[in-house]
Amino acid sequence: MRDGDREDLELHRRLSSGDRGAFDELYRRYAGSAYGLAYRVTGQQILAQDVVHDAFMALWRTPEAYDPARGSFRAFFLALVHHRAVDLVRRESRLRARSERAANLEPVVGEDHADAIAEESFLGVQRKEVREALAGLPPEQRQVLEMAYFGGKTQVQIAEELGIPLGTVKTRTFAAMRKLRAMLEETG
Amino acid sequence: MIDRHAETQELLAGYALQSLSGGDAAEADRLLAEHVPGCSECRMMLDAFQAVAGELALDAEPVTPPDPLLPRMHREMDPRGRRGIRWTAGRLVAAAASVVLVVGVGGMAFAQLGDRKASHVPTADVQELADFALHHPTQQQALGGNAQEISARGVQELYVYGRTVPFPAPGLVYRLWAVSGGHATHLRDFLPYPDGTVLVRLAIDPSTFDHLLVTVEPAGSEPSEPGDPAWPETG
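Chains as they are written, first to last, in this note's numbering: chain D, 1 to 188; chain F, 1 to 235.
Source of the hints: derived by calculation from the structure; they are not laboratory data. Just so it is clear, CB atoms sit at the ideal spot from N, CA and C, and this is done for glycine as well. Please note that the accuracy of each hint is not assured.
[Unchecked claim] In silico negatives: residues of chain D with every beta carbon more than 12 Å from chain F:
1) Glu7
2) Glu10
3) Leu11
4) Gly18
5) Pro138
6) Gly163
7) Leu166
[Said to hold, decoys possible] Per the computed footprint, the stretches of chain F lying under chain D, defined by three or more beta-carbons under 8 Å from a beta-carbon of chain D, are:
8) 45–51
9) 57–70
10) 180–194
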């Protein structure tokens, strides 16, 4: 287990006993990644704020939802953020009109990245590994993965959009997830 | 059996990415309730895929949230609110004692095993309630008959949930009304599931009425005016 993961576990333990300092430290560690993810999925800053707010408050109110035996805190929490973001996208049809910038998956221009840079020192290694693993996927597998994960699209929607059979989307998704798992386990 | 595992795991990959819909989503729910809890291989694969789904977030460029966000959360972190939500989580676990409950929490599912033969509550419905309770600061209001109204201020969604709710006499149903300013609006008729569980989801903002009322009425009757309250402590 990496030092960062070990520290997360300790922070989660303190959070579970109501330690606000632990909450603030977890916010400092993950707010930038959570907000970046939420913005990329929803394409709207106001909704991204709601997503991050809801995820952190859910963590504060039900810390027992995280089971350390089932994986890292980081994966749990960012999956929680993703879940909430996709849920919002699907519930609010108006979100479909997302900005071209978000659709192109570019970072927000003009935002203050000072804290994000501080966060990078903690998550930088993991971020690099994830990006390398994604880059190692065949383009067709990466495409369906990104449409599902960051685009919030269902496999049926992806099949329609790409004009390929649903079974092909499923096969590519499964293959991509298995490869990512193997690559991330190898580096982790 | 190997093919079955491959099919299951293909669905689990889509589940972890939240990209299933329709029949695939229903099949995944079924597998999560019936197969995965007892299959170490599929359980391990689900955990692995969910971990990948969490790590994928790091591909997004980090962005600093607006300054007011943390102070806003600090204001909402009062101990009373925290206890209230813990109660809600406890109720969800209590519900899980009689059903196989698979609650997706940000893709990190947890499962509680119990005697699922005792209940007929659809897993997807329980999952909706769990998701609602996890994502909103909920309030509870007793309705009588062991039933509660679970709502969140400003959210156009509320649930009526109860366990061991008594059955009305044969030929009768429970009728749910929203009462405001002395006027009652019919919302829905319902009966408990065979084990006495009630779980009704309504797309209604709780701030638009004064309180809910449950009456007992002849099945199929015209819902013009509320009849007798179903339970003495109601309304």
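Out of the numbered hints, which ones does the structure contradict? 4, 7, 10
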